[in-house]
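Asker: The chain contents come next:
There are 2 protein chains.
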Amino acid sequence: MNKNKIKIGVVGLGTVGSGVINLLEKNKEEILKRSGISIDITCISAANKNKKRDCNISGLKFYSDPLEMIKLEDIDVIVELIGGESLAKDIVLKALENKIHVVTANKALIALHGNEISKAAENNKCDVAYEASVAGAVPIIKVIRESLNANIIHWVAGIINGTTNYILTEMLKSKKSFSEVLKEAQALGYAEADPAFDVGGIDAAHKLTILSSISFGIPLNFNSIYVEGIEDIELVDLNYAKELGYAIKHLAIGRKNADGIELRVHPCLIPKSRLLANVDGVKNAVVVSSDAAGPTLYYGAGAGSLATASSVVSDIIDISRKIIFKSNASVPLLGYQADDLKEQNILNIKEVESRYYLRIRVTNRPGVLAEITKIFGSKSISIESILQKEDLINDKFVPIVLVTHSVIEKNIFDALIDIEKLDVVKGKIVKIRIEELDS
Amino acid sequence: MNKNKIKIGVVGLGTVGSGVINLLEKNKEEILKRSGISIDITCISAANKNKKRDCNISGLKFYSDPLEMIKLEDIDVIVELIGGESLAKDIVLKALENKIHVVTANKALIALHGNEISKAAENNKCDVAYEASVAGAVPIIKVIRESLNANIIHWVAGIINGTTNYILTEMLKSKKSFSEVLKEAQALGYAEADPAFDVGGIDAAHKLTILSSISFGIPLNFNSIYVEGIEDIELVDLNYAKELGYAIKHLAIGRKNADGIELRVHPCLIPKSRLLANVDGVKNAVVVSSDAAGPTLYYGAGAGSLATASSVVSDIIDISRKIIFKSNASVPLLGYQADDLKEQNILNIKEVESRYYLRIRVTNRPGVLAEITKIFGSKSISIESILQKEDLINDKFVPIVLVTHSVIEKNIFDALIDIEKLDVVKGKIVKIRIEELDS
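First to last, the sequence lines map onto chains A and B. Under my numbering, residues 93 to 531 are what the first sequence spells out, in order. Under my numbering, residues 93 to 531 are what the second sequence spells out, in order.
By construction, these hints were calculated from the structure, which means they are not laboratory data. Heads up, some of the hints might be wrong.
Pairs count within a copy or across copies, as identical chains cannot be separated in the list.
Straight-line Cα separation of at most 16 Å, EDC-like style, residue types lysine to aspartate or glutamate; simulated pairs [claimed, not checked]:
#1 K125 with E512
#2 K488 with E272
#3 K481 with D166
#4 K434 with E121
#5 K125 with D431
#6 K181 with E323
#7 K118 with D146
#8 K217 with E189
#9 K120 with D432
#10 K181 with D157
#11 K265 with D372
#12 K125 with D432
#13 K163 with E214
#14 K348 with E122
#15 K520 with D324
#16 K99 with D132
#17 K518 with D487
#18 K364 with D182
#19 K120 with D383
#20 K118 with D383
#21 K513 with E208
#22 K125 with E435
Same shape as in the complex, but just chain A:
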């Protein structure tokens, strides 16, 4: 059935690109049975033709210049898997100009240039699909755009960076420090040589930019996200959290409240009874809380060659179906009609309310707690519980672990500045937000 043949070009033959080529080969028959569509890779592009790869590219027409490929080849869909922003953006815009649909796994590209790409897609009546850009194999983009589309979404919270989740899980499990586990993760290929993007939270912030746009109907706005990484999380905090009935996870959170939208990426304590607190290792999971469906959760592999390819190919099938049936019935790129994407007030982190876990190192003598609590009192911060460890009784300094009631962040910031100035307090105070994830 020649009429059901779709011609695609793949740009980028790294982990994900190889996965797409392998998956289309391996499951060609199953894909045909499900969709009735034969997806044929007619051309590929990568920087270096002769690099050793995990996929067979013999018989596929090769271009070292992807823009040349777009110009010369008659393809229906281009699959952009090179990552990065600059060349990827040129490729996507040039493809759209040539009325070629786009599938991408590139979160940075969508987060930083998605508004422009969305306009170009609309002008050229083409689709840009990006399921693989957030949470790998987990179909969170389709779920929010197409399954929760009768809902008003209140908040979305996710573990959407496998590297940080692996490190936090492994620290607690093997009783090791952040830097030890990071080194191991790099050796295992779970963390990049330059881990800043992952452990510093930038990667999760790119993904939250996308999730918050399609959840709340706001244009993509990476710069408004508050970002903290996990570099300062110590094993002792993971242990205290556990003792208090919590797990520490690096979360991306978008929440709509009466005053505006909170957008933040940071570590937090989650009650161990929540499913999200039990998502371990490199896995990803996203909870969406909405008015009709209530809280729903989506879990799976957040990265990996075939896992990410699973989402890329599902996007290719969606677009192919529309091409074959000559249909314009596309879901809007960012989940809302373009005219209905509206800027909304994004709250500064200092306006956000949180409960807090605090670990303060103090001189081991009477009266210290009174000095500290006096400052909290002056900033209207009330303390829910105190965990004072006496195991270092002979030491000059002991840790006090405090859990606060809900407070405006500005107050806690101000209080901690004052407390850190006290003579009896040693070093920087560790502060980690607590998220109940109530529905």
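Please arrange chain B on chain A, whose structure you already have, making use of the hints.
Answerer: The following block gives chain B in isolation, referenced to the frame of chain A:
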């Protein structure tokens, strides 16, 4: 924009029907912003017009005969929410005959008559959507049909009946018997007056019929499913399971292996480390394990007025988009091209391999274990661990809890018949399968 108006008729104004009417009213603006579509309810039908309801039906044209409504009204989509099989089937087939698309939440209808309905839909070039038929708000149908469609699915396992999950959760939590908790569940509205459909596993089997068809590409075949309910689960078993590191859950399992497909609904022990073991109360969750994506999990409300309506309305939006864009780009009703749905060998439960939890009440004297293990040995059943409780040391009978290695079910069935005949064994042996849910 009149061209983006879709006219629907709703049949059945119970919990789900009221939810659909309320949700379309409440979130009309959000739905319009996302889809660009105005969904207008032009007519409704129910058995009794004047019954007290949780939704406002004033201004909506009412029919007591839904077939009359189909004949007289000019609607694009009919939403069938009366449940049951007989009238529901007439309504759906009559609607299709009249080229009216169908959205339904009716699992019994799809499970028992879906093959016929699928043909009628194809002949009339209409869609029949049924997202709400399995796992309420959880978009598991769309995920399997549209997001995992580049995968070969190995197995699917789910908690897809909220009533049984609520009862099992509550028994352990409040240390009560099955019958006590069942009565409470009925009082809370979580269980029907006649609970057989839920606690006996029929409802879950209807849903598994649907999940296995769209997962493995087989026609719907309710009769081939092996079904056990939770009526015989005792509090003591929940406690022993916990002690062994497991939770007891009522699971629906479809698994493809070398010899055929296993389709079964029964209680089982799941390692407490699995997310599925931590899904409590009335919630539902489904794990799908497939070759590319790996294991992915989908969790949320399995029932409820607005939660189920969330899925119903998402189906209405999907169909409306196709109507408005005059698109025939439908996903096949059962996830595979009609010609590619093929019967496959469904394994008899006796051919299935499982590990087993067994609780045997025996006379409290030496030599008993030897008699029992001799019989296991003769059927090639090896024992992984034994938990012998001495807390009833002065009693005449004591429980022995055994965990077996993986065995063919026929062997365990045969062995238990022989063991139950022993003089030292008192009453029926409790046997519950163990599912590791490895990926």
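Asker: Now look at each hint and say whether the structure bears it out.
Answerer: Verification of the supplied hints:
no. : hint           : result
1   : K125 with E512 : neither (65 Å within a copy, 49 Å between copies)
2   : K488 with E272 : neither (27 Å within a copy, 57 Å between copies)
3   : K481 with D166 : neither (69 Å within a copy, 73 Å between copies)
4   : K434 with E121 : between (43 Å within a copy, 14 Å between copies)
5   : K125 with D431 : between (38 Å within a copy, 8 Å between copies)
6   : K181 with E323 : neither (31 Å within a copy, 60 Å between copies)
7   : K118 with D146 : within (13 Å within a copy, 51 Å between copies)
8   : K217 with E189 : within (10 Å within a copy, 34 Å between copies)
9   : K120 with D432 : between (39 Å within a copy, 14 Å between copies)
10  : K181 with D157 : within (14 Å within a copy, 57 Å between copies)
11  : K265 with D372 : within (10 Å within a copy, 25 Å between copies)
12  : K125 with D432 : between (38 Å within a copy, 6 Å between copies)
13  : K163 with E214 : neither (21 Å within a copy, 40 Å between copies)
14  : K348 with E122 : between (41 Å within a copy, 14 Å between copies)
15  : K520 with D324 : within (11 Å within a copy, 57 Å between copies)
16  : K99 with D132  : within (5 Å within a copy, 40 Å between copies)
17  : K518 with D487 : within (13 Å within a copy, 62 Å between copies)
18  : K364 with D182 : neither (45 Å within a copy, 49 Å between copies)
19  : K120 with D383 : between (40 Å within a copy, 13 Å between copies)
20  : K118 with D383 : between (41 Å within a copy, 10 Å between copies)
21  : K513 with E208 : neither (47 Å within a copy, 76 Å between copies)
22  : K125 with E435 : between (43 Å within a copy, 14 Å between copies)
Hint check: violations occur at hints 1, 2, 3, 6, 13, 18 and 21; the rest are consistent with the structure.
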